[in-house]
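Peer 1: Respectively, the protein sequence lines represent chains A and B. Just so we're aligned: the first sequence equals residues 1 to 530 in the working numbering. Just so we're aligned: the second sequence equals residues 1001 to 1274 in the working numbering.
In short, the hints are calculated from the structure, not lab data. Backbone N, C-alpha and C define an ideal beta-carbon position, used for all residues, glycine too. Heads up, some of the hints might be wrong.
One side of the interface only, derived from the structure: several residues of chain B facing chain A at Cβ under 8 angstroms [claimed, not checked]: (1) Gly1141; (2) Ile1161; (3) Asp1246; (4) Leu1249; (5) Leu1260; (6) Thr1264; (7) Trp1274.
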Amino acid sequence: MQHKEDDPITAQIKNLQRPLGGRRLLSWGLFVIAAVVALLLPVASSEHADELKVWVHKVPGLAEHVLPLMASVEQAFLARRPDPAVKAPAERKSHDDIHAPLVGGAYVSPPPTLLGLDRVWNPGPLAQAHQPWANDCKVCHSVPFKQVMDKDCRTCHATIGDHVDAKAGEVHGLSDRSCTSCHQDHQGEFGLATQNLHFVGRDCAECHRDIKRAMPATHTENVADFATQHPQFRVQLAGPPPASALTRVRLAPGKTLEEPTGLKFPHDVHLSAKGIDSPKGTVRMECANCHVLQPDGLRFVPTNMKDHCQSCHALKLEPQMSNREVPHGPVPEVLTALREFYAYVAQQGGLPASAEPLTRTIQITRPGEPQALPRSFIDLPGGVRERAASAATELFEKTSCVVCHEVSREAGAGLAGTPGSDLPQWKIAPVQSIHEWMPKSVFNHTAHANEACTDCHQAEHSKKAAEVLMPRIEVCRDCHAGTAPAANKITSDCGLCHGFHQPARLPVTAKLTRPALLSSAHSPDGATAR
Amino acid sequence: MLHENLLKFASFRYLKVATLLVLGSVGAYLWHTPRTIPNGGTWLGYTLGTIGAVLILWLMFFGLRKRAYRSRLGTVKGWLSAHVYLGLSLIVVATLHTGFQFGWNIHTLAYALMLGVIFSGMWGVYVYFRNPVLMSGMLDGKTVQQLGGSLREIDAQSRKIASNLSPDLQALVQRSSEAAIVGSLFGRFRAQVIGCPTRRAVGVLQQRAKAEGASKPLRDLLNLQFRRLSQLDEIRSFVKLKTWTDLWLLFHVPLSFALLATLTAHIVSVFFYW
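Next up, chain B with everything else stripped away, as it sits in the complex:
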């Protein structure tokens, strides 16, 4: 599986690198005796801080490497594997750099933003592991565009049948064909659209069939609209899962830019008031 290769890439090469880095940092921290208490200003603190800052910059470079299609500098898969493991190692490296000193200042803000980036990244790995398989299973082997084509066909057939029926049914079918697949931005997070015209149409047609008796055109129309509704629901479930699969990046990337600015401020301020 492609996504498994992300973690298993080159037989866990970058997991080993990250583990070495973490063990080395922890070992150095345990061995080192600071002049006062552990803090970012000891020689070990400066070393861990430099490693952490360089790591953060390199991790942000992934966004550029990902879009450099002609680049031969490693593979994007390899870069991503390294990005994940070395990003995780930052939790330890940066925490040791702080010497466990936290306060209401921009230094701890940078640390918190970094943790936000890393945890949103962990969320990303999780959704990229779990969701794509579910998404392919959702559509029965079809693509979303094929489903869209199917919806158009159903609309054409429904209009043809409704043209022989009452005008209110024609209007119902028309409104059903205009049904929004996803209502609003928030609708993307739910698989349901409140007041969906297609659902209404199905309801109305079912009532009519019961009341007036199920004539063939009415039955055909009902079947068509019912199929439309189930296909709409399929697309909506798919969209919901896709949205949740995309959401983590809306945190991961902006937070990393906030981190970039705060990290710069952290480094400048430490030497501004040395």
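For reference, chain A alone in the conformation it holds in the complex:
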């Protein structure tokens, strides 16, 4: 049936046959809005901030509202930025090939994004320590289309150590690694060292199972897994003091290493189950009496005479009439004290009676030697010098110094200008300085607090101070398995004891878990302290 073209019913029907309109307009509209908000504005404000500011200036009405806002946001960002490292970051091989701007010798991050408009690109929460700059992306992402560069990290973490000393030269598979090879942010609030915890062990064996391939000049042996392929421990020993040159010597079964200490100290006597005689009677000593753990759980307070020995090993000088002791100091100091004491006594015509009770003196004698009571030299014939000399001889060679030290007579006069210089002179052999036993690993004693010291250190059988009581790997393998779980053993990967960044030094934190990893990020002069 023919009908007119402009018949309203036909027109309406035609209209209603068409699909719902508006698709094209909506598509364009949403596309443009999304492109501007998600891409164009962030890019412009990040990389073309100056052009944007010029454009804002030109638009009437916009400038007076937006420009102050831009300035205040920029100020807020800059105020929170860390101060650049005082010195330029250490030179090291990495794939940073863009010359970073230096200000007074320190690397400075590029200016912050205008109005922080790139915060829409933030893919996830930053590590807690980085959250003050969560919306200041340019602090780390300084160059577009380049991964975060080592320079950016070292703005704050200037003193993080390398894995291998840069002086050792190029190491295959290591020199092309950057910070971001192992540390990725925006993965949650965990610290960037903690996040790698379960991953560390696997990566190490990649190079260390055949270490000569990566670094032919290495002294390290191949390591794949603690349980199956880990060399015997090496202990750092010092040579004779005072030079005390350090070398690392491998432990061996059936052989006890020795290190010259300059001291005489039998652990077995002091730790005897029957107890040991002391001014307060018989005491049963234990390790903690002399070896006090520091709060970080890693190291011990250096054992010293005053805190740990002197309560029993008094340096009494006239024990029958006073509690006085000579100072535990250099020989001239001791001789001076003696000289002055006897001069005083002579001047006073005797020593006044002691107000406090005399403490019991323990006489140390070597087996076979007769027990000789300490003598008093006050009534000895001769002058002050003779009495002081006799007292000094007895102290140095019989009752005090010689008990623990190597003492030898020295000819000649003493230190000029001191009262004791006219007395006989002695030389005390230098004592070994304190040093790290296993510098390439970190051991947390607090984590092992429920184990007895003697489980690992055979001190109760040790007769000489020179004996090195560090345990061999078999002792640790009693409880620690490798990366593969084993029944009733602790699954252990490399990161449990070792750190990647050297030196793996003391962490600032008191945390017990994975001190090796924590310490690597918190060297004593590192940027952040937890």
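Since chain A is already given, all that's left is putting chain B on it; use the hints.
Peer 2: Chain B only, in chain A's frame:
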């Protein structure tokens, strides 16, 4: 049935392809151990992301293929079957790519837009399954144009009868013939038009018939207007169903363009701040 072939095309060929893709992605995700936590930046994340982005671009190409009438590259039916199944597989592929990390950023916005596109597509499959059968059943075998012709005939006959009746009845019939089939844009969603002149005319004629007695012209006019009203209602129901059948595309297509822009921003930004 044509629409069943969309899903059954080539004995579910694209369902099998999509299932393989999904199972492969899930398997890879379960097997892979990320350095930290699962995220789009692991090698698996990059792989799934690339697959997802390529899929999204190919899915958008369907709009072009649909309009390339001379193309011999497969059939539109085959393309549509693949479009539906591979589009559904994107739910899994993209979600695994995120590593289940979501936040208030453009990356999650892209993901949300993608889900909007896919869910509106599922809505589309549903309406394309359900509504066409109902729509054909609605019109009693006639087309909408035939119904339109019928309306014109009724209007002509009504005018002829009314010309012998009072002027107010003539005016009533005239206004009835001018009745809008669908009132407004929102009227398309409902089968009723408020204040429809034809409905008014029927009401008035019924009252008159009761009041004055049903003379033949009045009865004829009433029957005509009643038929007009029922045909109008048929057309309106049809239009309502057609509108609801068309509506999903108003979401599906614009959202996919918003997704295109946001996806581009997502990929650029990830490498801009690498």
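Peer 1: When the hints from earlier in the document are held up against this structure, which numbers fail?
Peer 2: 1, 2
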